[in-house]
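Could you use the hints to bring the two separately framed chains together as a complex?
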Amino acid sequence: MDAESRYDAVVIGAGMSGLAAGIRLAQFDRRVLLLERHTLWGGLNSFYKRGGRRIDTGLHALTNFAKKGARGAPLTKLLRQLRIPWEALALGEQTFSEIAFPSARLRFSNGFGLLAEEVAAAFPAERDGFARLVRAIGEIDPYHAGEPHESGRAFLSHFLSDPLLVDMLLHPILFYGSAREDDIDGYQLVILFRSIFQEGFARPEGGVKRLLDLLVQRYRELGGELRMKSGVRRILVEGGTARGVVLEDGSEIAAERVFSSAGFAETMLLAERSVTEQDVGRLSFLESISILDRPLASLGHRATMTFFSTEDRFAYRRPDALVDTRSGVICASDNYAAKEASTEGVLRVTVLANHDRWCALPEAEYRAAKESSAHAALDAASRFAPDPRPHTVFHDVATPRTIRHYTGKLGGAVYGCPEKRRGGETGIENLHLVGTDQGLVGIVGALLSGITVANREALLARETG
Amino acid sequence: MNREEITAAVVDIIQTVAPDEDLSDLKPDVKLREQIELDSMDFLDIVMELRKRYGVHVPESDYKELATLEGCVSYLGPQLEGLQGKSARIAAR
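Quick note, the sequences are listed as chains A and D, same order. Numbering-wise (the numbering used here), the first sequence opens with residue 1 and increments by one. Numbering-wise (the numbering used here), the second sequence opens with residue 1001 and increments by one.
Quick caveat, the hints were computed from the structure, so don't treat them as lab data. It cannot be assumed that every hint is accurate.
If you want a taste of the chain D side facing chain A, the calculated C-beta under 8 Å gives, among others [stated by the list, open to error]:
#	residue
1	Ala1018
2	Asp1020
3	Leu1023
4	Lys1027
5	Glu1037
6	Asp1039
7	Met1041
8	Asp1042
9	Leu1044
Note that CB positions come from ideal geometry on N, CA and C, so glycine has one too.
Same shape as in the complex, but just chain D (with noise of 0.2 Å):
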């Protein structure tokens, strides 16, 4: 996956977690939790479904680096970088 695919992938979590949020403006750089309503389990669910999808593990030590969009994609990048986005997947079919 490349930045751009782990960005989709985090934001389609997210969506999927708090269904009755707008994500169309999400800013890289602000702290989700001052752009949208999560609360820690909110937070809870966003990292069972990085599991859940893609196998990753977040300790809890690490959720801080979850805190911004560009926070998980950076974190996430190396974890992800060998698997195939969506986009990738449907292209190779």
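Extracted from the complex, chain A is given alone in its bound form (with noise of 0.2 Å):
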């Protein structure tokens, strides 16, 4: 093979781990190539144009905010690997956001002060075990892989009596990264309680492509070489060891190493080995954009985030039907600060669905049951939101077919498999895993996963090289 397709590392998938990863490599001098098979970097968090818009996927909002230089924050520490000048996000923060339940309603924002309040007002007998769990949160490092696997559930039922509030606070941490039915590792549960609670959502202005477009230069300013339309069809593998990847146009790529952000299951059968039932997600979604003629909070909605169940126990499984609409998030893309106010308004409500029910409609049916699930997913959502229908000037549905479709992930699985490799290890030598089923989730966590597996092999590299 010529020298042209030797690469150091070769990394699969352009999303954020995947960028986080080939940025850092790039830094550590590798000389490396990162393969992306569609036309769009972003991966689960990207962006398309419908009718001169820009529309972002993925569900919106950046967790983990940290004001500028923030001691020990994970946004601190992510902008510091990667060179990325705080400011160059131009993050707006939320307004608020709440946890509506028939029973209760708890609200939050940046800072960890209203939603303590809200929690004392509503569940007054909860207060001290609250408390405690707030202290025993500040005490795990979530970050050392050696954190036992404990139920997050059990975790938080360990402090708190009322299942109600149990289900509430659990309900934007699973919607927001679990990969397990009703309920996370515990300390996956600890990363997303600090993230989602005590940090608070941010988005940057103009939407996710800010933050992509920072990455992508600052990977090409590294010498990083990025190549679209490039999927890989087969990860080489000889005697237990990866040597490159094949690409679905036939041509081959050698490299030392090879980081994957496919997934666990998807990177196994890339490299030819067999997968189970389980190394397969269960949780896949339904998601629903509108767009309006006019800001929401010109309907009298202000909160950004509202993370809604119609019922006090709520379900988060694989419905059997299409799609579950007894709970799900609202996001209220424009209710983010802003330098400039927006003229539109834009609504997303995402709720659980079924993607192998979705798989295996028919074309005529698929269509039907998109739009007659997104408005049973905006009926549910009109309890807690404005309905956006009257002002509606766009509308698009995403199903787990769509999200298959782009992100390559089996089962529309956005979070991946229930089973964590935290070491990003495959069981194959010189073969990372980088991105969701590393362990971390959401942006920020998955921008940590591609650093921390390319700083591991740069430092194992060193020591033996």
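See below:
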């Protein structure tokens, strides 16, 4: 093979984790090739254009908000590692968000005071337990891979006796990143509790493209190579060691190391290993996106995110039906602080969906089901936010089939498989996982995942070479 | 490079790795991590920059030598003294 197609590292997937890993590897002077199947980068957190508008995909909030230079904050750390100035993100903070159940409502905002007050007011008997929970969360180091895989629900229930409060606190946490039904691993709960409740939400002005542009620019400045429309057909493994990849066009690329953001099961299949049903996540989503002719604030809706449940016991599991509209997330993207006030509103509603049922539908039925399921989701959401339909100038729907098509995630499972490999290990030498299946979730988690796996590789290579 | 130049070179690297820190009052004999926020990932970057800029290879077993600014200068001195510092390079032009 000629020297042209030899790399120190090949990274599969130009999503957040792949881009971050690529940047770090290039910073370590590795010759890096980043491969992306689609025409746009971003993976689960990307964007597309319709009718002159740029529309973000994914959950549309950056968690882990931190002010500039905030000590010890994950956002500070990762910006430093990627050498991206804080100002460049132009973060606009949320107004406030809310968890809305039939019997109670809890608001929270960036910083932690509001949630603590609201819990104390709505659940006076839980005040002490909640304080102990917060202390315990402060004492755990969830990034230490040795933490046991305790159930997150059991952890919360250890401090809180009211199942309603446990379910309410779990709602945003599970919807924001759990690959397990009705539960989440304990260390992920701690990370997400901090990310969502103690740090909070912000949005780069103009959307996710601003962050993606910064990452791609940084990667290219460092000499990294990015190839679009270059899907990987196979990971070459010889004698238990990864040697490179074969692209869909049949060309071979040799590499010392392969980093894959495709997911555990997806990566194993590329490496021609077998996977079991348990390796594929069960949780997928349907998302309805409405663009309104006016901002949501003008309709009296000021919350940025609304985590709703129409029942006090909320279910976070794969529905038997196409969708489960009893619970979901409403995101009002225009309710982030921005320099330029928006003239339009953007309302997204996300509900749980059954990937296999969506994929089994014949084309005509699929289209009809997309419409009717989106309306069912909007009907449910309209109990907690204004009904966007009378003011809608553009409407789109993403189903598990859409998610699978654009992300390659088996089962349309955006949060990957339930069993995380925290060291990024695959059982194959020189093949490392980055992204969701490494156990860190959200945009900040994905970036940190790429950074930490690439750093570890760089350290190991230095010791051996 | 003399000791002053090595100190300036190390401070410059720390500033690159941690652009938001104020390094004007760094005490030479106090651990860097007690004065500014530096985690193990940042430390890795300092070592990486030393290699990139000056070709100095610091094995992991020697990281402890770099805990203070004074330690950095003593440890790097023998490896950097043959190199010309920025001021020397400018003067030589």
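_Lys1027 (chain D) as an interface hint toward chain A, with CB separation required under 8 Å_ = violated (19 Å)
*Hint check: is the beta carbon of Leu1023 (chain D) less than 8 Å from a beta carbon of chain A?*
violated (13 Å)
*Would you settle whether the hint for Asp1020 (chain D) is holds or violated, based on the nearest Cβ-Cβ distance to chain A being less than 8 Å?*
holds (4 Å)
_Restraint check, 8 Å cut-off on beta carbons, for Leu1044 (chain D) near chain A_ = Since the shortest Cβ distance to chain A is 6 Å, the answer is holds.
*Regarding the hint that Glu1037 (chain D) lies at the interface with chain A, is the smallest CB-CB distance below 8 Å?*
The hint holds - Glu1037 (chain D) has a Cβ within 8 Å of chain A, the shortest such distance being about 5 Å.
*Grab the minimum C-beta distance from Asp1039 (chain D) to chain A and call the hint holds if it beats 8 Å, violated otherwise.*
Holds, about 7 Å.
_Restraint: Asp1042 (chain D) near chain A, CB-CB cut 8 Å. Satisfied or not?_
holds (7 Å)
*So, Met1041 (chain D) near chain A? Judge it on the closest CB pair being under 8 Å.*
holds (6 Å)
*Once the shortest beta carbon distance from Ala1018 (chain D) to chain A is found, is it less than 8 Å?*
holds (6 Å)
Hint compliance for this structure: hints 3, 4 are broken, all remaining hints hold.
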